[in-house]
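Chains F and D are the protein sequences, given in the same order. Take 1 as the starting number for the first sequence in my numbering and just add one per residue. Take 301 as the starting number for the second sequence in my numbering and just add one per residue.
No lab work stands behind these hints: they were computed from the structure. Mixed in with the good hints, there may be bad ones.
[Unchecked claim] Covered by chain F, per the in silico footprint, the following chain D stretches (three or more residues, Cβ under 8 Å): (1) 321-327; (2) 497-506.
[Stated by the list, open to error] Computed beta-carbon distance windows for the label pairs: (3) F:ARG267 - D:GLY571: 28 to 38 Å; (4) F:LEU285 - D:THR445: 21 to 31 Å; (5) F:ARG267 - D:ILE382: 54 to 64 Å; (6) D:LEU584 - F:GLY59: 32 to 42 Å; (7) F:ARG267 - D:ARG498: 52 to 62 Å; (8) D:SER436 - F:LEU285: 29 to 39 Å; (9) D:LEU403 - F:ASN173: 56 to 66 Å; (10) D:ALA490 - F:ARG287: 17 to 27 Å; (11) F:GLY169 - D:VAL461: 31 to 41 Å; (12) F:MET141 - D:ILE431: 51 to 61 Å; (13) D:ARG602 - F:ARG287: 45 to 55 Å; (14) D:GLY397 - F:PRO263: 23 to 33 Å.
None of the values given here were measured: they were computed from a predicted structure. Just so you know, even glycine gets a beta-carbon here, dropped at the ideal spot from N, CA and C.
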Amino acid sequence: MAEYLLIQSLNGLVIGVIYAVIAAGLTIIFSILKIVNFAHGEIYMMGGYFGYFVISMLGIPPIPAIFVAMALAFLLSVALERALLTPLYSPTTERKSDYGILVTFGISIFLRNIAIILFGPFPLRPPSFFSGALVVGDFVMTWDRVFAAGAGVALLGLLVLFLGRTSWGQALNAVSQSRESAAIVGINDRLAYTMAFGLGGAFAGAAGALVGPIYALTPSMGLQPDTQAFAIVVLGGMGSVGGSIIAGILIGVSESLFIALFPDPSRGLSYAQAFSLLVLMVVLLVRPTGLFGRTHTAME
Amino acid sequence: MRALRLACLAGLAAIALAFPHLVNAYWLTVGILAMFYAIIAASWTLLVGYAGQFSFGHMAFVSLGAYAAALLVQWLALPVPIGMLVGALLAMVVGAGVGFVCLRIRGPYLAIFTMAFSEVLRIVFLTENEITGGASGLNVAPLFTSRSNAPYYYVALGLLVVSLAVMAAMVHSRWGLFFRAIRENEQAAAAAGVKVVRFRILVFAVASGFAGLAGAFYGPFIGILTPDIGSVDQMGLVVAMAVIGGSESLVAAVIGALSVEALVEALRAYGQWRLVLFGLLLLLTMRFARNGLLALAWEQVRRLTPASWRTPHAREAAE
């Protein structure tokens, strides 16, 4: 039993890293644009499909395809931001938070349904990054999972370095704290919004491309990670990238253990989806600022 | 102007009452479904458009009302109308409960919380298939045994009129002002003496109650219930209806719901493209006409009518 739980925790760790990549994107968008992006799961889904079609139609090998998928998800997000989110920056827009909720919710409906038309409702599976599996004694994990976790950790590391060590990252941080003060010291806030939304989308897209070979791609695959990413971002504290990395791994592992320990296995699998949602609801009620919450959560 | 409005209302009432005799059975069913959605869109508008309590969990109350009514009729052999009433009341009580536990959260956090609540409920209905029938559905006893759907139509019309009347009375009273004050700024409203806690719970209870009532009607009409009724896609459809019509007015939301449901059926040949279209319409409406397409159209009509037709009050408002 202990061994089974260990294997489940390791599987959960892999999923947790992927959740963390999705949630890190969501939290960047939140900390800078001060909106909750309800279409984040759909950008993740689009990233998966971008990866699939780049491999199958352009013949790019799977690993470089991740970067192409990231770039395409970035461009898609930038286009959406330019077309639809600019009223958030205008002083004449009333109740900006409501606007952000409804517009991103509309984007999610639009993308999910156009994906059904463009890509079909049936699951698609891109080729593996590495075939075979890592076998240590009784422990078996496919190389795809190992690779996804490694790539996820690398991406998160790069993100933390980017935000902390580069002038770009510091500019984003400045805008997240105060848009006006950032503008006074010469930071182009409009560009920062576009970059943040694009960067957030690129991370969602990367996660989609990474999970493609593990789970198959479907147009509705974004629904579950979307709510899961909310759970992680809320647990980690809205706007804290470090917090969402820790919370992502925490949720991934505890979710796998929940499945393993639930008395009735078929129900356990079904209720696993509800697990993170319950965590989310409890955290919202008990500690709305999360574990590592920060202030500056409304658009000025 | 007043006479004109009364004449319009009388005309609408006549059309609404004669509708079952004017159309075939297919469009009658569409009309009933449109009114089901109209009740939901209007109650969502009360909650979101008037009181600013952002909820993506409204369909959860529809499915709660529907399942509760169906199961009560099945277990206790209650008459169907009593079951419907109890289902609606249960949705109302649970809605008040959700409103109570959510008192500390607002805006996007509330939207996330209600969405999570709705998904949890859907997963429970899906998983506990020994009770709810799961994905294969729960058979529901019908309300009428007649072959025509006309009786259902009049019940739906009655429910729509009653729920609209109750909600309109609420928003046109002092309560409506309280709701809008809470929407604009909760702290300022509280400082001005609005009982924020009481009214937030109240608006959740009322909106959820009507959603539950619509659900309790839907079950006996369709005859089978699946957890899909509470899905995010259904919520998306209702949001699109309310926003396209105009989410800051009950009437506009109702007209939005009726026209979107009519479009859903008229464009049936286009299948999945319809939801793409509604998503796009929702985005364009939010981006360019936030008060909804109906307010936009009304504005154009007003601009075209000569000034002498308008009452002094309307002229003032237009200026």
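Whether the CB-CB distance between F:MET141 and D:ILE431 falls inside 51 to 61 Å: violated, 38 Å
Falls inside 45 to 55 Å, the C-beta gap from D:ARG602 to F:ARG287? The hint (45 to 55 Å, Cβ to Cβ) holds, given that D:ARG602 and F:ARG287 are roughly 50 Å apart.
Could you say whether the range 32 to 42 Å given as a hint is met by the Cβ separation of D:LEU584 and F:GLY59? holds, 38 Å
Is 31 to 41 Å right for how far apart the beta carbons of F:GLY169 and D:VAL461 are? Check failed, 58 Å falls outside 31 to 41 Å.
Would you say the region 321-327 of chain D counts as covered by chain F, given the rule of at least 3 residues with C-beta under 8 Å? violated (count 0)
Starting from the range 56 to 66 Å, see whether the pair D:LEU403 and F:ASN173 falls in it by beta-carbon distance. violated, 33 Å
Take the C-beta atom of F:LEU285 and the C-beta atom of D:THR445, compute their distance, and say whether it sits inside 21 to 31 Å. 46 Å Cβ-Cβ, so the 21 to 31 Å window is violated.
Just tell me: holds or violated, for the beta carbon distance of F:ARG267 and D:ILE382 against 54 to 64 Å? Violated, since F:ARG267 and D:ILE382 (Cβ atoms, about 32 Å apart) do not stay within the stated range.
Is the hinted range of 52 to 62 Å satisfied by the C-beta distance from F:ARG267 to D:ARG498? Check failed, 39 Å falls outside 52 to 62 Å.
So does D:SER436 sit 29 to 39 Å from F:LEU285, Cβ to Cβ? holds, 34 Å
Within 17 to 27 Å or not, the Cβ separation of D:ALA490 and F:ARG287? Holds, at about 23 Å.
In this structure, is the beta-carbon distance linking F:ARG267 and D:GLY571 contained in 28 to 38 Å? Roughly 34 Å apart at Cβ, these two residues keep to the hinted range, so it holds.
In summary, the structure is inconsistent with hints 1, 2, 4, 5, 7, 9, 11, 12 from the numbered list given earlier, while agreeing with the others.
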